[in-house]
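Could you use the hints to bring the two separately framed chains together as a complex?
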Amino acid sequence: MTERTEVSPETNGHSGEYLLETKNLKMHFPIKAGMLQRTVGHVKAVDGVDLSVRRGETLGLVGESGCGKSTLARLVLRLLEPTEGEVLVDGEDILGYDRKQMLVVRRNMQIVFQDPYASLNPRMTVGNIVSEPLKIHDVGGSSASERKRRVQELLEVVGLNPEHYNRYPHEFSGGQRQRIGVARAIALNPRLIICDEPVSALDVSIQAQVINLLQDLQKEFDLTYVFIAHDLSVVKHIADRVAVMYLGKIVEIADRATLYGGPRHPYTASLLSAIPLPDPQKERERQRVVLTGDVPSPANPPSGCHFHTRCPRAQDYCTKHEPGLDPQEKEGHRSACFFPVLEDQRIEEPETSTPYSAENS
Amino acid sequence: MLEVNNLKTHFRTQDGVVKAVDGVSFSLEAGETMGIVGESGSGKSVTALSIMQLNPKPPAEYPEGEIIFEDQDLLKTSDKRMQEIRGNEIAMVFQDPMTSLNPVFTVGNQIREAIRIHQNLSKSEAQEKTVEVLRDVGIANPERVVKEYPHQFSGGMRQRAMIAMGLSCNPKVLIADEPTTALDVTIQAQILELMVEVQEKYGTAIVMITHDLGVVSQLADKVMVMYAGRAVEQATTDEVFYDPLMPYSWSLLRSLPRLDTAGEVRLLPIEGTPPSLIFLPDGCNFSPRCPFVKDECHETDPDLEEKKPDHKAACILSVDEIEKNKSRVDEELGVQT
Numbered sequence: 001m002t003e004r005t006e007v008s009p010e011t012n013g014h015s016g017e018y019l020l021e022t023k024n025l026k027m028h029f030p031i032k033a034g035m036l037q038r039t040v041g042h043v044k045a046v047d048g049v050d051l052s053v054r055r056g057e058t059l060g061l062v063g064e065s066g067c068g069k070s071t072l073a074r075l076v077l078r079l080l081e082p083t084e085g086e087v088l089v090d091g092e093d094i095l096g097y098d099r100k101q102m103l104v105v106r107r108n109m110q111i112v113f114q115d116p117y118a119s120l121n122p123r124m125t126v127g128n129i130v131s132e133p134l135k136i137h138d139v140g141g142s143s144a145s146e147r148k149r150r151v152q153e154l155l156e157v158v159g160l161n162p163e164h165y166n167r168y169p170h171e172f173s174g175g176q177r178q179r180i181g182v183a184r185a186i187a188l189n190p191r192l193i194i195c196d197e198p199v200s201a202l203d204v205s206i207q208a209q210v211i212n213l214l215q216d217l218q219k220e221f222d223l224t225y226v227f228i229a230h231d232l233s234v235v236k237h238i239a240d241r242v243a244v245m246y247l248g249k250i251v252e253i254a255d256r257a258t259l260y261g262g263p264r265h266p267y268t269a270s271l272l273s274a275i276p277l278p279d280p281q282k283e284r285e286r287q288r289v290v291l292t293g294d295v296p297s298p299a300n301p302p303s304g305c306h307f308h309t310r311c312p313r314a315q316d317y318c319t320k321h322e323p324g325l326d327p328q329e330k331e332g333h334r335s336a337c338f339f340p341v342l343e344d345q346r347i348e349e350p351e352t353s354t355p356y357s358a359e360n361s
Numbered sequence: 001m002l003e004v005n006n007l008k009t010h011f012r013t014q015d016g017v018v019k020a021v022d023g024v025s026f027s028l029e030a031g032e033t034m035g036i037v038g039e040s041g042s043g044k045s046v047t048a049l050s051i052m053q054l055n056p057k058p059p060a061e062y063p064e065g066e067i068i069f070e071d072q073d074l075l076k077t078s079d080k081r082m083q084e085i086r087g088n089e090i091a092m093v094f095q096d097p098m099t100s101l102n103p104v105f106t107v108g109n110q111i112r113e114a115i116r117i118h119q120n121l122s123k124s125e126a127q128e129k130t131v132e133v134l135r136d137v138g139i140a141n142p143e144r145v146v147k148e149y150p151h152q153f154s155g156g157m158r159q160r161a162m163i164a165m166g167l168s169c170n171p172k173v174l175i176a177d178e179p180t181t182a183l184d185v186t187i188q189a190q191i192l193e194l195m196v197e198v199q200e201k202y203g204t205a206i207v208m209i210t211h212d213l214g215v216v217s218q219l220a221d222k223v224m225v226m227y228a229g230r231a232v233e234q235a236t237t238d239e240v241f242y243d244p245l246m247p248y249s250w251s252l253l254r255s256l257p258r259l260d261t262a263g264e265v266r267l268l269p270i271e272g273t274p275p276s277l278i279f280l281p282d283g284c285n286f287s288p289r290c291p292f293v294k295d296e297c298h299e300t301d302p303d304l305e306e307k308k309p310d311h312k313a314a315c316i317l318s319v320d321e322i323e324k325n326k327s328r329v330d331e332e333l334g335v336q337t
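Chains A and B supply the protein sequences, listed in that same order.
Going letter by letter, the first sequence gives residues 1 to 361 in our numbering.
Going letter by letter, the second sequence gives residues 1 to 337 in our numbering.
With the rest of the complex left out, here is chain B (with noise of 0.2 Å):
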């Protein structure tokens, strides 16, 4: 259903070019659920910006690269026609419901004017709609709800009412930027079972960007691991959480406390931070902080390569090396696998 080639977003900035996404390729079907995983400035939100194609340009450009989207590419359409893909077939809920509501509207009013954008609905068929997909979204008492402020929301609410909005034209894809990074994990918890219900309900295609693994390991069906800007790992859940084969998607998961091992085993950082996007490293970009790394990687560039079946990752080594050196930083860390 939509389905992402060789996309490149570079800004022009007065230190050079910043090469936000860097050639990365992903294709959604209905009803699946992709989770984007990656450190601040991997280029996620940028790669979900660009689908929906919200990037200022300029500074942004697209030098390469297609957003195909039922049958027409999104990098080419004219912006009316966008306007009318835009919120209406694809939807996309942002990471801060604090900042992404007008605080001078009433939420109803917000989601109102969504609804009467794209449908061709009377205004108060349009109050009816937006009472029922308020309900839907578990928000009690929606007659009411509709006239107040966003300033009258809790957190959670205010996310709610947001997702409700990004669902008011029941769009084929949602793109969900960290929708509950700003929340506690009881609300999240809520927001994260209402995505699947309406999911099951509409069949809408999920894309869900978020640093969190623990959410993506819950929700989706398929995970691609971002680094400055690249696509390092693409495969099913399973595969990268039980056998990630990019030693950035491996050391990631070491690197965190997990509930169910944590003060078993000492934590793996990832030594120093994530390179500039202007000025990035020779060789592999993940080489100045990889613990397997050798001499190769300064110099070779690795492509996204099909490691296994439907499992592909961007590293010089062969599975076995990386195998083997996963055993043997496990091994030291005291790590049962």
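Extracted from the complex, chain A is given alone in its bound form (with noise of 0.2 Å):
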């Protein structure tokens, strides 16, 4: 690899614990309806999300979908505007930069999307689709032959030949789409990639070639990735931190071995409970929480806490009061249910009806 693209000034000055960082972050989508497209109700895509990422950590985001995993992602680049809330970057709230600040800022996030086959633009040949941001943020060299050598050195880094500059996407299988993909997010140097569920396209053995690849970047280049992903498992293996997003809310968030180790949310319990294991004898003897009904819509959510409908320990007190993300007893595990599952508790059964805290017990 050559140099690292040079940071500016302003946004390299700050060397905060949080790269990024968002504040009450919410995303709600008008629906219109009637002829005169009035708008009769949102749907509350991200619904008050604050979530802090530190410099080179993996922080992993998982949930069902239609749970806002992905409108928060876009919203963390400004690819779409939120209705309110701040996304602060190195500290400064970038909602508020115009275009030129932004394209200072882009040059420091990338997105690695989901569907390989729907994010490389199937007319241009693969040397064009990664060098397209070296041309737009003009580095990488000015000179044709110069950019193109760049280019080469990107598609070795993630293992592609670089012979094939001049191939199209289609000569390539879904593993060597997403490498592609991978390039084209890499080559501005960046310091944060947003990967949008990378790897669920692709087949098990394919799936491997990329975890392994953005493990090594992530070494190599000290990268800070938010990895989105419905599959817990590769989330575990990937991540330092894990949030749990349901209905627009993060409902837990923990270093890892916290959070698949003692969950304390019941979504989070019976999520891991509902991951079948490749490994018939812990199947067999395996407890599992089989949780009822379909996830309820983000237009019209249920009252309290919002996984009060499914929830194998509701009371009615949740019914009637939201819960807050609180600070449990481990340090950075912060959980949102009114009685959550504690040591050596079984799923389905509180202990009390009385609201649990942290600080009390």
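Keep in mind that the hints were calculated from the coordinates and are not lab data.
Idealized CB from N, CA, C, for every residue including glycine.
Coverage of chain B stretches by chain A, computed from C-beta distances (three or more under 8 Å per stretch; other residues unrestricted):
no., region
1, 182-191
2, 213-226
3, 233-244
4, 264-272
Next comes the structure, spelled out in structure tokens:
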């Protein structure tokens, strides 16, 4: 690799703990109906998310389809304008930035999309796809030959043959296409890469190739990842900290060992118990909690705690009050539940019907 | 009950003959669940469609093999007889519940149609039966739901409706082709639980096609691993998961991030991509990607042979050689076995 892209002094001056923070971020999509297209309601896709991503870490973001994971990713990159809230990059709110300032920020924030078949322009050669960010940001050399060299270097980094510079996306398999997407994302030496379900469209044997590639790149280039996936095993493999989303809100966040070892939120606990393990012996011995019903519509979320309609621990109290994302005993562990699953408890039965709080236990 | 012997399904195309299924054999008893595992394009679905006789002919042809269901060869039965079997005695649940239901008919209408074709029931009896099967698969308010259209259903409900349709005639064999792939894990758990309940109630034999090894380990009694149109390993579920004897099955297990060990060990990807089914590699189909490959592998095409009692694998390496190779790579990866 050549020298790292120079980062402009405005964004590099800050060295706080967090590279990216969101504060009370909301995205409410209006529902329009009737001849006059009046707004009759809102889909609360992201509904008040506070999230902070440390430099160099991988933050996993998990949840079922429709929980707002991808919308959150787009808000962070400002591909969507949020209804409310702040997105801080290096401590500065980028929502007020104009186009020119955004260009500088975007150089440091890239995204890898889910579907490698839809996210590459079929009419562009691989060379053009990967060099496009270089052209837009005018880095990696001004002449075409310098750029070509840089692109070939990038292709090699992601494990593709640099000779394939002139080929088109259809000539590649799914895994190779995802590598092209990764090459494009790292072309500008960004600091943050949002990976939006980067492996879920791939076969298992190919998944591992891409996961290993992402891990190697992180080490080599000191990258920070926000890794979005619905597959909790993949997230456990790659993430340092994990946030669980349900209906537009974060319901639990903790470091990997805590979240997978001792989940507090009944949703997290049931999600974990729902995943089939590739181990027949363990499968037979396992106690599984099967959630009933479907995820409610985000246009009309349930009252109180959004999860109470499916929650095996729900009490009357939950239907009337909305839990906050409260700190638990372990540092950095937060969970939004009045009746959290404590150690050695079964998920189904809360011990008392008085709401729990970590401070008075 | 169902016996498939040396089934070959080939497709004649302009570029050559695609050997989508090339010599697959297995048998299935009542109440038994067999998992078929493999990557996309390994021939899992074509095997299922061959049993149902749903491959379009041409281009599909069956140069060899037989599918014996209750003493008759399905490859040789008349279309008319096949109509009676299909959906009635052998039913299939497809992967994508969004596209396999007809959007312009109500769900009740579609299930009722299946029932009336196969069973001599009046319209109102069929309607009752429809409500009953929908209740069986755990759909709330079936009386109201029968009048709804597929778009009013969520993904999980549609898949339940598909299973209800599959089960409406109490089939002896149910073929489920990736029934939970399009669903979220919590919904997947519901559907898998439902399938187990149904099996216990009716003694249905299930063929579970999936690429998710977790689903197989949860449900299946035995497993067939497919690669490039061939069965490369066949054994009980425990044998395949704890002591795989085909390097491909073993590699698949090592390439998977697992909830119980994730993050502790590096994944072992299978390099390269599956071969084209028109131009298969020389020797063993898996040799270009195999981590244990030897020179002979590029010359000899191994048959599926019994390596241990009731454990078949297609590999020229002996059991000892495979075990040695496995522990060597495991040591490099840091896997505790």
